[in-house]
Structure formats: C-alpha cells, structure tokens
Amino acid sequence: MRRAFIRPDKMDADEAAGYDFCHELLYTRQVSDKTFDAAKAKFGERGIVDLIGVVGYYNIVSMALNTDRYPLPDSMKPELQALKE
Numbered sequence: 028m029r030r031a032f033i034r035p036d037k038m039d040a041d042e043a044a045g046y047d048f049c050h051e052l053l054y055t056r057q058v059s060d061k062t063f064d065a066a067k068a069k070f071g072e073r074g075i076v077d078l079i080g081v082v083g084y085y086n087i088v089s090m091a092l093n094t095d096r097y098p099l100p101d102s103m104k105p106e107l108q109a110l111k112e
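Numbered per our numbering, the sequence shown spans residues 28 to 112.
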C-alpha cells in the first residue's frame, strides 16, 4: 500500500524550500521555476546541485538494495507484498 503524500505543517523556510524541491523532483521529474527560485534563494546554485546529488544517490542505493532483496531489519515489516513469480 502506498502512503498518501502529506506535507509537514511546520517547517522553517530552508526546510520547506529543500522539501518542496526534492518532492517535486522525485514526483514530477522536473522542478518548476517557482520551486527552483525558492531553493536557489536559500541554498544557491551549488546547494541545488548538492540536493540533486543526494536525491540521486539515495535513489540508486535504494534501487540496488531492492534489486538485491536486501532483508529488512527484524523490527520492520515490508510496506508492499512480494511480487509473485
């Protein structure tokens, strides 16, 4: 079951700018001018490149772990059922 998107209510301006940038990038595969400008005002162009790098790195690591079927810790349950082969 996929979790519903719920944007946190209370964030500082820099947290909101980073959150909105990363969320838009992940879910639409692009970033609007408004979101880009807000992130640029808070982090600069170099900070935006860092955000993209972190998001990309997290995605590739999670894809590798999911492909390898790396086991979850004993205290966690999977959110999705395994695919039937």
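Simulated from the structure, these hints should not be mistaken for lab results.
In this text the structure is predicted, and so the values were computed from the model without any measurement.
Hints are not guaranteed to be accurate.
Simulated crosslink set (BS3-like; lysine-lysine; CA at most 30 Å straight-line) [what the hints assert, rightly or not]:
no. : residue 1 : residue 2
1   : Lys69     : Lys37
2   : Lys104    : Lys69
3   : Lys61     : Lys104
4   : Lys67     : Lys37
Hints and how they fare:
| no. | hint | in the structure |
| --- | --- | --- |
| 1 | Lys69 to Lys37 | holds, 17 Å |
| 2 | Lys104 to Lys69 | violated, 37 Å |
| 3 | Lys61 to Lys104 | violated, 38 Å |
| 4 | Lys67 to Lys37 | holds, 21 Å |
In summary, the structure is inconsistent with hints 2 and 3 from the numbered list given earlier, while agreeing with the others.
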